[in-house]
Amino acid sequence: MISMESFIAGFAYGGTTVLVGQPMETLKTLAQVQSAATSTVGGTNSSLLHTATHLYSTAGIRGFYRGGMPLLLGGGLMRSAQFGVYQSVKPTLEKRYGPIDPKNYWLGCINPHVVAAGWAGGIGRGLVEGPFEMVKVRKQVLSQWQFGDIFQGFGATLFRNSFLFSSFVIYMDIFQQQLDMRDLTVTPFIKAGFCASLAWTTIWPLDVVKTRRQSGKYDGKSLSWLLRDCIRRGDMYRGLPVGLLRGFIANGASMEVYTLVEKELKKQVQ
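For the sequence shown, counting from 1, position 247 maps to 375 in the working numbering; every step adds exactly one.
Calculated directly from the structure, the hints in this document are not laboratory data.
Distance condition first, Cα-Cα at most 30 Å in a straight line; then the derived DSS-like pairs of lysine-lysine:
#1 Lys-319 x Lys-391
#2 Lys-223 x Lys-319
#3 Lys-267 x Lys-345
#4 Lys-349 x Lys-267
#5 Lys-319 x Lys-231
#6 Lys-223 x Lys-395
Generate coordinates for the entire structure from the input sequences, incorporating the hints supplied.
Okay, structure coming up:
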């Protein structure tokens, strides 16, 4: 059961995410690539504010959108893949195996079908995102790259996205369960923004490792080495504050667009 409405709405979601969140995404990437122990921009100890000020003074507003073009092109495609695959896999599982009784949910609140469909959606996104994400990171940190580098960090991106999107839809499903129990409603902005923040917090160390792997500044280092180095230097949650701010605003706004587009498309099909 292919959900074309979700593929198209997901494309709109991805484009909105880039347009709204790219400046904070650039700051997040710069923070993640720097080590807390040796964090410098322009030769001085770098706070997030200093990084933003330095970026503006050297590159202007355009500097905050560095790497935005490849992500704008790929962002729509990868979000289309994640939502399209998710909304296709979940109904297929329910049709084949039947809906799962809430009494059989894992830990009393986790729907196994949501987990499986979310994992599939994350893989779908990762397959598309890998090359675009590598180019984006290299442009953001002003690191040279060649065509042969486009799959650098591909495995890390695939692994991160599988956990990221499955976490996101799990939190969304649990959040909706709580709303239904209390007969409450919230806007898509609040719901998606809050759940995206939880999902990013859950997998943040994977994102730091993925970014460093793709930056070109840690050539020859394995993922396991990068993870151990992050732990040793205290960098596991490097860049998290600006990342959460970006995640809440960008995903909240994008879910508003997604909901609107999907609703209009379904009206036309009926």
